[in-house]
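A.B. asks: The primary structure of each chain is shown beneath.
4 protein chains.
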Amino acid sequence: MEWQELDDLKRRMRDFAERRDWDRFHAPKNLAMALAGEAGELLEHFQWLNEQQSAELDAATLAKVGSEIADIQIYLVRLADKLGVSIADAVENKIVVNERKYPVEKVYGSARKYTEYGPSE
Amino acid sequence: MEWQELDDLKRRMRDFAERRDWDRFHAPKNLAMALAGEAGELLEHFQWLNEQQSAELDAATLAKVGSEIADIQIYLVRLADKLGVSIADAVENKIVVNERKYPVEKVYGSARKYTEYGPSE
Amino acid sequence: MEWQELDDLKRRMRDFAERRDWDRFHAPKNLAMALAGEAGELLEHFQWLNEQQSAELDAATLAKVGSEIADIQIYLVRLADKLGVSIADAVENKIVVNERKYPVEKVYGSARKYTEYGPSE
Amino acid sequence: MEWQELDDLKRRMRDFAERRDWDRFHAPKNLAMALAGEAGELLEHFQWLNEQQSAELDAATLAKVGSEIADIQIYLVRLADKLGVSIADAVENKIVVNERKYPVEKVYGSARKYTEYGPSE
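Residue numbers (this note's numbering), protein chains in the order written: chain R, 1 to 121; chain U, 1 to 121; chain E, 1 to 121; chain V, 1 to 121.
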């Protein structure tokens with residue numbers, strides 16, 4: 001099962017691609033590249049800002065960042081659709097894994113522990 | 001306004017970070033990096049496959065790819081939350097932009113046109 | 001013309017791939033993905049560190065980061081080889097472009113200007 | 001020790017940054033982001049091409065790809081310089097590791113084996 005709203009978005013994006021005969025470009029390999037390309041564009045908005053500045057974007061930059069976020073969401077939904085992956089299920093599984101992997105009492109309050117045990121490792 | 005289910009996910013992830021005192025690591029700059037790191041991991045599953053093979057993953061690879069998709073969705077929601085961005089609004093705006101930018105009659109049925117006018121350009 | 005040492009590396013990597021019958025996987029598309037995947041791994045070492053910490057890596061992390069740097073250099077050389085691109089020439093061209101684009105008197109001493117005029121924009 | 005030509009490039013880039021007072025933006029964290037951003041731009045040129053097409057770029061695209069390759073080489077050299085990493089040593093170490101990890105007799109001629117044992121895994 002998929003979250004209703006992401007499911008709607010999947011169908012809208014499927015329709016968008018089909019009406020343009022673009023579906024044939026949407027191999028999962030290509031969609032993964034497109035998503036990573038957008039993630040690269042996202043980085044460019046933040047790379048010379050410090051952490052504080054990255055939380056206080058001016059309106060123009062925020063609009064551009066929002067646009068990159070939308071691109072990533074759209075490609076993610078499209079990729080999941082082409083692979084038959086439910087984002088809702090994948091996220092629920094991941095939350096269970098993360099709850100087990102990073103128990104509060106083990107990781108609370110330590111930067112060291114976060115970098116060691118952090119989500120991406 | 002935000003899609004209900006992404007809004008729920010935002011709150012769950014906020015709670016997950018706060019209970020671990022990890023919120024202070026979640027500067028938008030850092031979350032953008034974490035998201036791009038996960039996009040890099042996603043690529044690694046596809047890089048030596050051709051397009052056809054990328055659409056026919058075996059179950060083990062599909063499970064790993066699903067897990068990267070979940071990571072990306074989670075960081076995307078977290079980033080949007082920290083920036084005060086509504087993913088729903090950003091996606092709706094982007095769809096309007098894309099409908100205007102790639103009218104069906106202009107781009108239909110041409111690989112050339114897709115690579116020239118494609119979403120990431 | 002290519003810098004001698006990158007040229008040597010190109011030939012060693014070509015030989016490495018050919019002896020394993022891996023050359024056929026090394027389409028530029030695939031090498032670009034592999035390079036971006038390694039760039040994603042590089043990010044993961046830095047994402048939860050602040051800028052100061054990122055300049056003071058412990059020996060174990062530094063060794064891992066060095067290993068990612070090597071992977072990126074190898075894929076970059078391999079990609080340039082497959083495309084017939086001279087890295088030396090491309091870099092010299094880029095330096096000329098950057099000298100013109102960012103004249104010292106225009107960009108000196110302003111973070112604002114750097115983020116506006118910075119190399120990646 | 002560093003390869004002479006990359007060492008020259010390190011010094012030129014150091015000088016380029018210092019004359020613009022940009023050195024302070026070049027924390028390793030930021031340079032890793034900038035490099036990954038350029039890797040994302042590299043992807044965008046290839047994402048909708050098949051592998052064959054990616055090896056036969058037209059002159060205009062090839063020039064753009066060459067420019068991304070230059071950006072990546074420049075940021076890589078800059079990052080290595082800020083971290084005190086020798087690219088030459090890191091690459092030599094990596095080649096030794098890869099020779100051991102992927103012995104010709106074990107990996108020759110099998111796509112399956114390549115994807116299993118490939119460089120990025």
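To be clear, the hints were calculated from the coordinates, so they are not data collected in a lab. Just so you know, these numbers come straight off a predicted model, no measurement behind them. Built from N, CA and C at the ideal position, the CB exists for glycine as well. One or more of the hints may lead you astray.
Pairs of lysine-lysine residues, derived as DSSO-like cross-links and limited to a Cα-Cα distance of at most 27 Å, are as follows [as the list claims (entries may be wrong)]: (1) E:LYS101 to V:LYS101; (2) R:LYS106 to E:LYS82; (3) U:LYS94 to U:LYS106; (4) R:LYS64 to U:LYS64; (5) U:LYS94 to R:LYS10; (6) R:LYS64 to E:LYS101.
Using C-beta positions, here's what the derived DEER-type ranges look like [said to hold, decoys possible]: (7) R:ALA63 to V:ASP23: 27 to 35 Å; (8) E:ASN93 to U:LYS106: 19 to 27 Å; (9) E:ASP21 to R:ASP8: 40 to 48 Å; (10) V:GLU56 to R:ALA63: 36 to 44 Å.
A.B. asks: Please go over all the hints and tell whether each is borne out by the structure.
C.D. replies: Now the hints, each set against the structure:
no.: 1; hint: E:LYS101 to V:LYS101; in the structure: violated (44 Å)
no.: 2; hint: R:LYS106 to E:LYS82; in the structure: violated (49 Å)
no.: 3; hint: U:LYS94 to U:LYS106; in the structure: holds (19 Å)
no.: 4; hint: R:LYS64 to U:LYS64; in the structure: violated (31 Å)
no.: 5; hint: U:LYS94 to R:LYS10; in the structure: holds (14 Å)
no.: 6; hint: R:LYS64 to E:LYS101; in the structure: holds (23 Å)
no.: 7; hint: R:ALA63 to V:ASP23: 27 to 35 Å; in the structure: holds (31 Å)
no.: 8; hint: E:ASN93 to U:LYS106: 19 to 27 Å; in the structure: violated (34 Å)
no.: 9; hint: E:ASP21 to R:ASP8: 40 to 48 Å; in the structure: holds (47 Å)
no.: 10; hint: V:GLU56 to R:ALA63: 36 to 44 Å; in the structure: holds (38 Å)
Of the hints listed earlier, those the structure fails to meet are numbers 1, 2, 4, 8, in rising order.
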